[in-house]
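Residue numbers (our numbering), protein chains in the order written: chain G, 1 to 288; chain Z, 1001 to 1122.
Read the hints as simulated data drawn from the structure, not as lab findings.
Bear in mind that the values here come from a model prediction, so they are computed numbers and not experimental data.
List time: in silico EDC-like cross-link candidates among lysine to aspartate or glutamate, alpha-carbon distance up to 20 Å: (1) K108(G) with E1018(Z); (2) K197(G) with D160(G); (3) K151(G) with D207(G); (4) K266(G) with D38(G); (5) K109(G) with D1019(Z); (6) K1026(Z) with D107(G); (7) K197(G) with D163(G); (8) K1022(Z) with D1012(Z); (9) K1060(Z) with E1050(Z); (10) K108(G) with D1019(Z); (11) K151(G) with E65(G); (12) K108(G) with E1017(Z); (13) K151(G) with D191(G); (14) K109(G) with E1018(Z); (15) K266(G) with D1083(Z); (16) K1049(Z) with E65(G); (17) K197(G) with D148(G); (18) K113(G) with E1017(Z); (19) K151(G) with D193(G); (20) K1060(Z) with E65(G); (21) K1022(Z) with D107(G); (22) K109(G) with E1017(Z); (23) K151(G) with E201(G); (24) K266(G) with D1012(Z); (25) K1022(Z) with D1083(Z); (26) K266(G) with E1008(Z); (27) K108(G) with D1012(Z); (28) K151(G) with E58(G).
Calculated from the model, a selection of chain G residues having no Cβ within reach of chain Z, i.e. all distances over 10 Å: (29) L70; (30) P71; (31) W131; (32) T146; (33) R202; (34) G208; (35) T212; (36) G233; (37) F234; (38) S238; (39) I244; (40) G253.
C-beta: ideal position from N, C-alpha, C; glycine also.
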Amino acid sequence: MAGDATKTLSNDVLWGGGRSPFSISYGKMMMWFFLVSDALTFSGLLVAYGFVRHSTLEAWPIGEEVFRALPGLSGSYPLIYVALMTAILIFSSVTMVLAVEAGHRMDKKGVIKWMFLTVLGGAFFVGSQAWEWSHFIHGGGGYITTADGSKYWVHNDTHDTHDPANAPGFHLVAAQPGHYLIPAEGTHHLDHDASLKLWNERVNYVDGANMTRNEYGPPQYANFFFFITGFHGFHVFSGVVINIIVLIMAIQGVFHRRGHYEMIEKAGLYWHFVDLVWVFVFTFFYLL
Amino acid sequence: MERDDIIEYSLDAHHSEEDGRKIRRKIWMVTALLAVVTAIEVLVGAYWKEWFPGAWTAVKWAFVFLTLVKATYIVMTFMHLGDERRNIRAIILLPYALFILYLLWIALMESNFVHWSWSTMQ
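Isolated chain G, as found in the complex (with noise of 0.2 Å):
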């Protein structure tokens, strides 16, 4: 923690200056050296995004309209999911710091405890991406566009969408011009009869989401979405195994033999660095 910031040491493992800038190990200053280089790749990406939502002219689609299911309930619950994957995510990066805690105390039962629970969150939070990516690709039913351009969306009892027409209780809405994921203000659910007049007349279906068109905005919206959480998505998949090794590791008390912990450390650097892009994603995909 506070280093050998005050402590004297021996000239003959100083540097060619007399000093020792850094105080710090070779192992832990590559890894913020990694850290500094991942973290300019996902601004790259981040940016990017900025860039087409800044330079686009189509509506964009809004976080706390796209994102608002919670699993196994209907209902409208804007950024409730999104905010529960963040929280596991802190949660898990507190446990991670309070596992680093321990190992300075070389309190070995310690360690073990709070990094099993590091590794619990992060399994959590890759599950939970795995429903939203789920989630987000079936989509909510899908919209038609008519000749004329305007936009309906498509409801059935069974959430059937290979022959919504035919399944029980089909109905449009009309779309908001601009914002397809809100219904127009005044109008009401389209009658059986005038559904389908409009549904045999559409000009395209879109439903769910993929890389060529998804029914929440244009193609590049889910593009980003699958790339940029997809790609921190990985990382936590990489963090929570390389956590996994170090708490076996710690287990057969091989830390515990070589006198300190450090390797806790650069595990969670790493895992930190995960949370932290999370934040700036959280922000800048969901919330702006």
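Got chain G sorted already, so can you dock chain Z onto it with the hints?
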């Protein structure tokens, strides 16, 4: 081969039970702060239209500011960069800040121009 000229810096990070209690207290304080800031962000994100109608620009900058506050606490406390020497802090943060400020500036300039030129073509 054992080398005897390598300093084991991590041993200096060891601390006593009493210091540990202080450090853990700080960790939980920062945790509470991060949780509160995230809760505020989510609530404002979900309900800003009802609470602050028409103030999107202010809300947006508030989000950016709160994000930087969270990032500072994560980097300085959780990643212990605040406890490292000034030199290591500088070589991590300054080059990064330099590149990102430049990238942000150029991306905003360019995207403004692209937006403007596309809208004139219509």
